Amino acid sequence: IMKLSNIPARDSQISQLSNLFGSKSQPTVDSIFIYGHTASGKSCVLNHLLLENDLLHVVVNCIECYTTPLLFITILEALSPNNEEKLKCENMNDFVRSIQRILKEKGREETFYVVFDKCERLRDKEVNLLPALVNLKELTGVNLCTIFVSELPWEKFYNGIGIRQPFVVFFPDYTKDELVEVLTYLRPQDTDFEFYKHYVGLVLSMFFFAFRDLRELRHLVEINFLLYQQPILEGKANVDDKHKLWRNIEPHLSSSLQRLCVREACNGHGNSGTESGDTSKLNGTSAVLSTKSHNLVELPYYSKFLLIAAYIASYNPSSSDRRFFVKHAGRMRKTARSMKKDDQKNCHLRGPHSFPLDRMMAIFYSIVEDAVSPSAGLFSQISSLVSLHFLAQLGQDQLDSPKYKCIVSLDFITTISKTVNFEIMRYLFDFV
Amino acid sequence: EKTTSVSKGCFAVKSKRSPENIKIQNFLQKSGVKPTQRWKVGQNVWKEIENSVNKLHSEVKEELFSSLVDFVRNAHLKDSTSHRTEIPTAALVTGVNIPDHTEMFNAIKVQITSNISPYVVVLESKHCSNMKTMMKTFSQHLLCHETAKPDDSKDELEDRETAYLRKKFSAVTMTNGSKLIESSPPKKKQAKLEKVAGKPIVVIFQDLEMFSQNILTDFILMCSWHAAEMPFVFIFGIATSWLDVSQRLLPHYGLIHLSVTKFVAPSASSHLALIIDRVLLTPNHPFKLSGRCLQLILDVFLCHDFSIVNFLHILRFCVLEHFYNQPGSILCNLSADEVAPLVAKFTKNELNLLKEIPSLKAHLLKENNSDLSKDSLFKREVVKLVNQLKIYLEIYFPVLRCLHAIGLQFSHQPLGKQIREVFCACYKSGVENNERFKQTLLLLKVASKDQLLEMLKSCIHILSCQEYTDNGATDFQPSIARDKFQDFVDCLQSLNEDSQSDEEKEEDTTSLETVKYAYQLQEKIRNRAKTKKRTKMTKFEKVQEMILNYLKDFFQFNLRPVTSFPLHEVFYFDDAATITQHTMSAPRLAIQTALADPGHYLNLEATDAVSPEAPDICIAYKLHTESGSIINLYDWMAAFHTIVNETDSEIDEITQARFIRAASELQLLGFIKPTKRKTDHVQRLTWSHS
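Protein chains in written order, with my numbering: chain A, 1 to 432; chain B, 1001 to 1690.
What the hints contain is simulated information worked out from the structure, not anything from laboratory work. If you're wondering where the values come from, they're calculated on a predicted model, not measured in any experiment. Worth double-checking, as some hints may not be accurate.
Unchecked claim - Restraint-style ranges between C-beta atoms, simulated for each label pair:
#	chain 1	residue 1	chain 2	residue 2	range
1	A	Asp397	B	Ala1596	24 to 32 angstroms
2	A	Pro374	B	Ala1336	45 to 53 angstroms
3	A	Pro374	B	Ala1638	31 to 39 angstroms
4	B	Ile1630	A	Pro374	19 to 27 angstroms
5	A	Asp397	B	Pro1612	43 to 51 angstroms
6	A	Asn128	B	Asn1130	19 to 27 angstroms
7	B	Val1309	A	Asp397	28 to 36 angstroms
8	B	Asp1487	A	Gln230	56 to 64 angstroms
9	A	Asp124	B	Glu1653	54 to 62 angstroms
10	B	Ala1638	A	Lys345	47 to 55 angstroms
What the hints assert, rightly or not - Stretch-level coverage of chain A by chain B, calculated; a stretch enters the list once three of its residues show a Cβ under 8 angstroms from a Cβ in chain B:
#	stretch
11	56 to 67
12	91 to 100
Said to hold, decoys possible - Just a sample of chain B residues kept apart from chain A, beta carbon distances all over 10 angstroms, derived:
#	residue
13	His1057
14	Ser1058
15	Ser1241
16	Phe1301
17	Leu1302
18	Asn1333
19	Ser1359
20	Lys1374
21	Asp1375
22	Asn1387
23	His1412
24	Leu1495
25	Lys1530
26	Met1584
27	Glu1626
28	His1641
Glycine included, C-beta positions come from ideal geometry on N, C-alpha and C.
Please construct the entire structure, taking both the sequences and the accompanying hints into account.
Next comes the structure, spelled out in structure tokens:
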């Protein structure tokens, strides 16, 4: 009776689920819990089954419903789309009664499926919400089935109060062969099946051990396919010349492998490989501006010094300030204690310390060469450094003694100080 | 109005007269040279400056905008072929000049609304502190456009619906949003549906850095959930760099839903350089900033905020201040013919005001001409001076550009990279005694022929860019100079061809065979070497020296310091102190002055000692500056008591109350705070100077 969907590599899950669903009006289990790793086809299979068999269902994205009443209302509105008046549903009790009423009005006997996608978010709501939803069939006495979809196993949903165990369906990760099957299924139109399959096999041979996320792989396969095809389009090689094609694509693939997780950053203005792929993808948009990578941030002159001062204040112990910033401080006497202290030069290992505003300003005034008036402009720069996330503001007491922390890297601050000819290394306790 | 009430309360009563108070006339000086007319002239001058700045803005941003608009337009064309669910995203790196961003994003919004799609939402992090408010702003922006449509007002039913939706905004989800977009058009006309359906929904995140990670990720997940039915396009405004932000803000499972293209906005400093170059340092606008003022507002820009908007605010302030305070400014924006009639209309009083202008005063003293005391003659003199200045200004900037072009030829650029640096260097004293100019001349002496040719050509190009009023006074008139430069160029070029023939001519005819003695031979050889050296020098260096001398005189004449001209205040604004006072506020300093010297703001005579008449808070402040980082409250109060009450009495309740109020006011201002370290003590929050 159930039609089988044409989704590759998920046959056993499909048959398991369709067996559970049965025909339209047959009662199903109270609740089903579907889990599996990211991009393992959970939602895809489920939606296909529900749609193709024309089952009465509602799919709710739990991220979207940031309050519980919203969750209820979304379900109820989807259930009665032609309802003009506004539905009101504040709590579980209302929800149960409304569902009973609406389904009774409809007078249909078939099973009603409620799908909660990304249901791990439900754990953040009221403690009794999830147990009640699992038990919804019993509570309402209507022929319905709640389906939960998550990336976490069911054990992670135990929250200390009794909860009924739903029927658990597991979607395992795709194997290598299955991945080839899926990726080939997703090939662009009018490409040769065997040719593409071979290509996918090549890509997977490089990436499979590093990465198995289907979406990421799909992206890689798609952006590199044009490059793979290139020799054929240019007439330098023919389709069967697999060795030549492999030699052509191999350097591109290994460079993709190296910046696997920062792929998006390279998209706009990356180096030749992705760029040519992307521009053609964008239908030749002149979007890629001919500017070199702007990884260094341009800052106003005093902002740079403020940031340097903040960095020094964050990474130097305050007891060492005298040594760095007081003129004619005299030679420090080497005592056993100070020797011991010198051994503990590990501020950079322990991360930034917080410092009061006064200390930063004092350091600022001693490192900046000309006399700077403490104008409103100068202080507003501190807050704009905070909003750029170069400094972090700590504590609640912002009026009397605000405290900050510098959260930029050593590399960053070194480049910044180079632009203003300031030798920061001479002022850092760890490096002198 | 009616403020009777059962309970005590505060009532806001709108003043009826408020609109009258804001009339311009009330703020203009009552005396002075034609204040209303001056105000109008000032407004015109500012409008002209603003127009050229705006033109420049659109010119600078044009490339970015058009590529962004293209991006948005094409973002969903490609999606129709492949079934990808990634949201096309533009990462727009905007630079750190945060105050300018609102303007820029509004411009982007206008561009997209007029060209592609009415569905543009600008989200700011301050409105998106949690999911609820974020969705609220999001849907409100979407709906605002709906209500803005003209035909909506006729449709009552529609109105009721929007009101209903507005109420519902308190909790809206993306599903509702999608329904909103899908459902509202079919109620109107079928044609509209098709138009709307293909249009992308553009979401602009103005300050991505400030969004919280969870909310941003959730929003992206929500959008990608609906990406199939709602064509989203994101534009991320990034002040720092995309790499940092994406690593910090977007986890992999969020990032994977986006396909990002990077755009870079033109940098603020290059933008500013263009404004100065094309608007301020040109003869086109009569209003000029002195070197000092320009330097000052540049410093504000470069050292503090990189904000073009702020820069323009200060510039505008300068214009207003100039026309408000400078009586001569009435003569600023006139053509040569208009000056005389206007000056003829001046009253005696107004002429006296003009005479007070320092440079004119000095000029009159120097001339010591009793004739000038006559009004008619004085008027003629004013007209003459103004016209003279006009001609001078017309020439000044092209010549300055020439000097800049010459300076650029040398690798270490003795005059500075930007033309503004050349201007600031030459403003005060002209070029004559300028160290940098001398350096340039020295470098010119060793310049190669190709360099010289290059310079002369660029000078000719610059000088021929504009028309000059002919006054035919000197040898250094730009049109004459241009011809001269052309001659030099020809000369240098012909040098190339002549060189070989010259060398042949040089061959010494006297042979060495006629010598008898060794000393004669020696002498001859020496002579020959000398002549050879000299003739060789004459070949190229003669021309070079000629050029050099001319250039030196040319610059010295045309770049005479403007301060040497009487009446230059008409065009130049040179009140740096006012700029500092009005635009670089120092709140802490102001508070400290008020507390340390209350007479400064109360117009009293300053006293060093603490007087009992001073406000309580000042007395308390002065006493607290004398103490260490921790202050004993009782001692402080005792000291306060001895100052306030001259008689040696017990501390009474009133003094105590006054002291407590002063101390709590100081706490409010942030000078002290309570501490737990010692009982009955407060902590000082400012540095003690002792």
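Here's how the hints hold up against the structure:
Distance hint for Asp397/A and Ala1596/B: a CB-CB separation of about 26 angstroms, consistent with the stated range 24 to 32 angstroms. The hinted window of 45 to 53 angstroms between Pro374/A and Ala1336/B holds, with their beta carbons roughly 48 angstroms apart. A C-beta distance of roughly 33 angstroms is found between Pro374/A and Ala1638/B, which places it inside the suggested range of 31 to 39 angstroms. Between Ile1630/B and Pro374/A the beta carbons are some 24 angstroms apart, a value that agrees with the proposed interval 19 to 27 angstroms.
Between Asp397/A and Pro1612/B the beta carbon distance is about 35 angstroms. The supplied range of 43 to 51 angstroms is therefore violated. Restraint check, Asn128/A to Asn1130/B: a C-beta distance of roughly 23 angstroms satisfies the suggested window 19 to 27 angstroms. In this structure the hint that Val1309/B and Asp397/A lie 28 to 36 angstroms apart at CB holds, the actual value being about 32 angstroms. Distance hint check for Asp1487/B and Gln230/A: the Cβ-Cβ separation is about 58 angstroms, which falls inside the suggested range of 56 to 64 angstroms.
Our hint of 54 to 62 angstroms for Asp124/A and Glu1653/B holds, since their Cβ atoms are close to 57 angstroms apart. Between Ala1638/B and Lys345/A the C-beta distance comes to about 49 angstroms, which sits within the given range of 47 to 55 angstroms. For the stretch 56 to 67 of chain A, the proposed coverage by chain B is satisfied: 6 residues have a C-beta within less than 8 angstroms of a C-beta in that chain, meeting the threshold of three. For the stretch 91 to 100 of chain A, the proposed coverage by chain B is not satisfied: 0 residues have a C-beta within less than 8 angstroms of a C-beta in that chain, short of the threshold of three.
With 10 angstroms as the threshold on Cβ separation, the claim that His1057/B sits away from chain A holds: the shortest Cβ distance comes to roughly 18 angstroms. At the 10 angstroms boundary, the C-beta of Ser1058/B stays outside the reach of chain A, the nearest C-beta of that chain being 18 angstroms off. The Cβ of Ser1241/B does not lie farther than 10 angstroms from every Cβ of chain A; its closest approach is about 5 angstroms, which violates its non-interface assignment. Against chain A, the non-interface label of Phe1301/B is violated: not every CB pair exceeds 10 angstroms, the least being about 8 angstroms.
The non-interface label for Leu1302/B is inconsistent with chain A: the shortest C-beta to C-beta separation is roughly 6 angstroms, within 10 angstroms. The Cβ of Asn1333/B lies farther than 10 angstroms from every Cβ of chain A, with a closest approach of about 31 angstroms, so its non-interface assignment holds. Chain A leaves Ser1359/B outside its interface by the beta-carbon criterion, the shortest separation being 30 angstroms against a cut-off of 10 angstroms. Every Cβ of chain A is farther than 10 angstroms from the Cβ of Lys1374/B; the closest lies at roughly 49 angstroms, confirming the non-interface assignment.
Its beta-carbon lying about 46 angstroms from the closest one in chain A, Asp1375/B satisfies the requirement of being farther than 10 angstroms from that chain. Non-interface status of Asn1387/B relative to chain A is upheld: no Cβ of that chain comes within 10 angstroms, the nearest being about 41 angstroms off. No Cβ of chain A comes within 10 angstroms of the Cβ of His1412/B; the nearest lies about 16 angstroms off, and the non-interface call holds. Consistency note on Leu1495/B: stated as away from chain A, and its beta-carbon is indeed over 10 angstroms from all of that chain's, at 41 angstroms minimum.
No Cβ of chain A approaches the Cβ of Lys1530/B within 10 angstroms, the least distance being about 49 angstroms, so the stated non-interface status holds. For Met1584/B, the non-interface assignment is contradicted: its Cβ lies about 5 angstroms from the closest Cβ of chain A, within the 10 angstroms cut-off. With a least CB separation of 20 angstroms from chain A, Glu1626/B remains clear of the 10 angstroms interface cut-off, as annotated. Every CB of chain A lies more than 10 angstroms from the CB of His1641/B, the least distance being 27 angstroms, so the non-interface label holds.
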